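Letter by letter, the chains look like this.
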Amino acid sequence: MFENLPLWPARASTMAGNVDLLYIFLVLLSLFTCVAIFITIVVFVTKYRRRLDGREAQQIEGSVLLEIAWTVVPLGIFMLIFAWGAIIYFQERVLPRDVAEIYVVGKQWMWKLQHVEGQREINQLHVPANRDIKLIMTSQDVIHSFFVPEFRIKQDVVPGRYTTLWFRATQPGTYHLFCSQYCGTQHSGMVGQIVVMEPAQYQAWLTTGGAFGSLAANGASLFAQLGCPTCHQSEMQGRGPILSEVYGNPVRLEDGQTVVADDNYIRESIVNPSAKIVSGFKPIMPVFQGLLNEEQLNELVAYVKSLNPPPAGSVNSPGIAAAETKPQQP
Amino acid sequence: MSDSPLLVEHPEHDNPALLHHFATPEQQRNTASLGMWLFLATEVMFFGGMFCAYLVYRYWYYNEFAAGSRSLDIWLGTINTVVLICSSLTVALGVKAAQLGKRKQLVGLLLATLVFGVAFLGIKGIEWYQKYEEHHIPGHSFDVSDIIQNYPQIHIDPSHSQIYFSLYFAMTGLHALHMIVGIGIFAFLTYYSWKGKYGPEYYTPIENGGLYWHFVDIIWIYLFPLLYLIDRKPLR
Amino acid sequence: MSAHVISTKLYVTIWIALMCLTVITAGVAFIDLGPFNTIVALSIATFKAVLVVLIFMHVKYTSERLTKTVVISAIFFLFLLLGLSMADYTTRLLG
Amino acid sequence: MATAAVTTERENYLNAEYGIKSWLLTTDHKRIALLYLISITFFFFVGGFFALLIRLELLTPAGDLVLADTYNKLFTMHGQVMVFFFLIPSIPATLGNFLVPMMVGAKDLAFPRINLLSWYLYIAGGLLMLLCILTGGVDTGWTFYTPFSTGFSNTNVTEAGLAIFINGFSSILTGLNFVVTIHRMRAPGMTWSRMPLFLWSTYATSIIFLLGTPVIAITLLLVVMERAFGLGIFDPTRGGDPVLFQHLFWFYSHPAVYIMILPAMGVVSEIIPCFSRKRVFGYKAVAMSSIAIAVFGFLVWAHHMFVAGISLYAALVFSILSYLVALPSAVKVFNWTATMYKGSISFSTPMLYALGFIGLFTIGGLTGLFLACLGIDVHVHDTYFVIAHFHYIMVGGALMGYLGGLHFWWPKITGRMYPEAWGRLSAMIVFIGFNLTFFPQFILGYLGMPRRYWQYPPEFQVLNVFSTAGASILAVGYLLPMVYLLWSLRYGKLAGDNPWGASGLEWTTQSPPTTFNFDETPEVTWEAYDYEHIPLPMEVTLER
Ligand code: HEA
Ligand code: HEA
Ligand code: CUA
Ligand SMILES: [Cu+2]
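Protein chains in written order, with my numbering: chain A, 820 to 1149; chain B, 218 to 453; chain C, 95 to 189; chain D, 125 to 668.
So that you can see chain A by itself, here it is in the shape it has in the complex (with noise of 0.2 Å):
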């Protein structure tokens, strides 16, 4: 019967090694903190038993050095888990360098995916193994989360801009997707499947799903449908900034300071262009909120970041990468 009851889901990412010794580390530290002062009380308990031979309790007032040592030994202890658990969550919150982008929309209730190369999914999601994959996260409604136990990862998706998440997924295999964060009726309802493959296989994969055209490749339509070259042309002439060096540069804003230009920076300069107006531009451009949908809007988006791909040697597609990829051993 035992066999069939583990104490932690399969190890499917990278993270999930790092995650299971500070888990196990923390078990068995409570396991050692309980013990302790179980048996203590026990043997309190017995040896200190009300008697009939009228033995009476012996006042103690208590100990000023007692008191110091246990707050100070367990704030010890305390800010070790804190600096383990910290340098984890930076390694889950810091994108690596090169990474895969696959974008993702909740919706009530279910998962929206869109990759790079155009293939889109719904509640199934897969991916190559050995690859650093960068989920780039919104909900069209409520607040959703989304959570691979086996890959020991967890984001909630929220509404109105992007949260992101990466993993490396290490073994081949079907792994659970499930929304975590409580978002209606069909809330049980609204899980999935991450199918990590070899990459050779997702290879193959990519060239069967029903091509819809690249992620970009539609953004870049969209883009013209919607009247943005009015504005936006390739040269300085138009009433708008150059697009094609802005995904992942620094930008002047007109109130002097300077923020980086990532996801959630051109999500926002379409959606609501006001709130951060590019330095020598006045604020005229339409507010596009509304008028479209997620999967466009994260399709512009992807337009918008093609213009300026990242510099050689890293590159932005899983497919592109996997193939080149050898399978590591996990």
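Don't read these hints as lab results, they were simulated from the structure.
Only a predicted model underlies this, so the values are computations on that prediction, with no experimental measurement involved.
Cβ coordinates follow ideal geometry from the N, Cα and C atoms, glycine included.
Heads up, a few of these hints could be off.
As the list claims (entries may be wrong) - Derived Cβ-Cβ restraints for the label pairs, each shown as a range:
1. D:Pro-582 / A:Leu-826: 14 to 20 Å
2. A:Gln-959 / C:Phe-124: 41 to 47 Å
3. B:Gly-401 / D:Ala-186: 56 to 62 Å
4. A:Pro-1048 / D:Tyr-437: 36 to 42 Å
5. A:Ile-843 / C:Met-180: 35 to 41 Å
6. A:Ile-858 / D:Trp-316: 49 to 55 Å
7. D:Trp-316 / A:Ile-843: 44 to 50 Å
8. C:Phe-124 / B:Ser-358: 30 to 36 Å
9. B:Ser-358 / A:Asn-942: 38 to 44 Å
Fit chains B, C and D with the ligands to the supplied structure of chain A, relying on the hints for placement.
For chains B, C and D with the ligands alone, coordinates are given in the frame of chain A:
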């Protein structure tokens, strides 16, 4: 301050205002006053939640907040501040009159306070009505195209403007609700003062009512710059 | 702990001060001081509030340390709420 | 109820006056405590009823017992009823109301009529909550997260929000009454350093009542207004930030978890010395740690939001602060343990509950450290690991403390003893049932089972079956005291004034006490827990 407030026992229970579970009028007065101060502390946190929301969105949507604050009537706002400060003075003098046992003066001052309080609400009502006419009340008919036209220099997002006005109405509304409660309390106090219930030995209700009134005044002292004065400087 | 009776003169002086400060704060708002507009407006408001608390609400004259403690803790916890919330909002763009 | 067969007894607060009016209009803190006791027990069983339905649904992986919407309402109302209408008022409003004036040596609370008003506010909020439940319920989760609660749920969110809003003012007024009473009504000689630790923890709890509750009140009011007028403050489609709601909600609701645990800690700090016949080890440290918990408790709220999209740096700050608030709890656990050293320990029912409290609270608290640890929380957030964590503290800790306290002061409250053997038996049943219910949930959580799931993958079933089995044992453990405590009202043996030989002013009065508690204001000349000088009654000596 001695450590125990009950050190002296006063067996004689002839003071009608002294409740049975207190030993001395002194103790009873201090108890009521502490209770009032603690209540005001909870009120600070009650408004605090809104101040927190205000701070966040003012940080995010400064332009809309600035434009929104310009659209308020600074004259009415200033006059209302003046009115409230006057009412605080009459309250403070009222407490003094009660301490000294000057009944007529007390009633007069309380009445003056009531007049100021009602005046404040009246002016506030005029302001709200203006906002209603300008379609600045959040909801279906919300429309800030006039504000947008007035300030071509800054870009204004209507839905962010709506957040400003939502906070404006929520904060001034909650404040006005406190004023209404205050006016109710003061109507009571005026009636009983006129009946001669309060004097040098017993004026705790006047004192505590006064504390409440001053507190509501202080909230306004902050609401005024936060809502009206965000950005009044000449446009460039 | 008999109650302290404050002179009418002091009350009126404070009242005049509050009136002047109100006019000043409204006037200063029309002068362009850059970010100092906000700072000045809030400083004046705080100054006014302190006057009201100390004189009108008698905190200056009470022999109770407790009243002062209550006032200070209310302000302290308000700032905890504002400060720690803003700690999130002001650093979101950094990571 | 208890007024029936007591005509031959001494005059006391129960038989001083008769009739329903003498109860509903009473300003006697002891009678109000009883009013609370009855109403709170009612809400506990309502919440427990929902819990049983939740556990039954989760017996099988498929969602077969109730509909998905119904399940969502079940856990929402379970959480809201248990937290706001049972656990938060539980110890403060019953035992606190009964004991605070007696422990300080006063005739009543500082504001008796406001105390009655608190109860009416509680009832008003409670009735509104019941109305909300009976007319269809709420399905937002007890946390009311926006924008789901403001824009998407079409259940009775407004009613539930207002019910909790009203109930909040009941809490605020209770807290205010306690703080003022402790400052102003102490009997001569009752210095701060002589106060029983229960008073210290009640005082700390009241600080949170006063400074935290208003924030949840205004936040829920904003949610209600957002639903009614579309303010847009929490609505992302209009530029609002849903995460701001979470900040405001947890600013109260984290400190609120200490509202739930601090009073229980106070109860345990009374029981352990009494049944060890020793003064508390490190009185000062235990007293100060209560205050520290209350204050530090306000610094850690965003540890519920580590994956909600807050900034990395804010997460770091809130994580490290969460460890600071754990320290005073550790200090308490160690001091309670040390108190038993060289004591004279008896295993009466209250002591069993207190020992159970220490054990289960320690486990719950230690798993809190897992959650405060950023790297682990990302994985276990919103899984059954969290559910197990807080049930260990709230059910294993707070509820056990409450039951322990109820047994401990039962003779004082009613004048009669409960049947000891039954008491010990049900304490054991609760302990066993509890662990069977909630321990498997730690494993479930780490395995990745998300919370608020109506149906779940079949591999999680085995552990869920254990959990449901445990819950039924637990139900027996809670129904038993219900039965024998009621039984003891009539048939219990008469308790003396001080059946435990306990210290504290409340034990110097008669049982049940008279309306004004003390015939003349006592003068305190001894330290708290002066067990050296308190004789042990003969029966207790023999009973062990
Ligand atoms: C009474 C209620 C109560 C109490 C007292 C606590 C106490 C603590 N809680 Fe808990 N908590 C809840 C009720 C409570 N909690 C609830 C209801 C939720 C979920 C809400 C929801 O989402 O619905 C929650 C959720 C929750 C989270 C969020 C989890 C998530 O959603 O991802 C976190 C994260 O930090 C946390 C941490 C802590 C910590 C650090 C303590 C500390 O105070 C614990 C301190 C105690 C100890 C540490 C034990 C004793 C110490 C020793 C014996 C020392 C020796 C130890 C060593 C040397 C290692 N809690
Ligand atoms: C004080 C707080 C408190 C208490 C005491 C309890 C008590 C219990 N809780 Fe609760 N619980 C919460 C607070 C509490 N809970 C909160 C805040 C949540 C989160 C909600 C949310 O996600 O929004 C939660 C969620 C929660 C879940 C998770 C649901 C989900 O996420 O899907 C589960 C599942 O097992 C559970 C189980 C139990 C059980 C078995 C008990 C048992 O201890 C209960 C035992 C009591 C009884 C069994 C009563 C016995 C009574 C009878 C037998 C008579 C009944 C009949 C009539 C009324 C006529 N609780
Ligand atoms: Cu989506 Cu839960
Ligand atoms: Cu918490």
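Now the hints, each set against the structure:
1. Range check, Pro-582 (chain D) to Leu-826 (chain A): about 18 Å between beta-carbon atoms, so the 14 to 20 Å window is met.
2. Between Gln-959 (chain A) and Phe-124 (chain C) the CB atoms are about 45 Å apart, so this pair conforms to the stated range of 41 to 47 Å.
3. At roughly 57 Å, the beta carbons of Gly-401 (chain B) and Ala-186 (chain D) sit within the given window of 56 to 62 Å.
4. At roughly 39 Å, the beta carbons of Pro-1048 (chain A) and Tyr-437 (chain D) sit within the given window of 36 to 42 Å.
5. The beta-carbon spacing between Ile-843 (chain A) and Met-180 (chain C), approximately 37 Å, falls within the hinted interval of 35 to 41 Å.
6. A hinted range of 49 to 55 Å is violated for the C-beta pair Ile-858 (chain A) and Trp-316 (chain D), which are about 35 Å apart.
7. Here the CB-CB span from Trp-316 (chain D) to Ile-843 (chain A) is close to 45 Å, well matched to the stated 44 to 50 Å.
8. At roughly 31 Å, the beta carbons of Phe-124 (chain C) and Ser-358 (chain B) sit within the given window of 30 to 36 Å.
9. The hinted window of 38 to 44 Å between Ser-358 (chain B) and Asn-942 (chain A) holds, with their beta carbons roughly 41 Å apart.
Checked against the numbered hints listed earlier, the structure breaks hint 6 alone; every other hint is satisfied.
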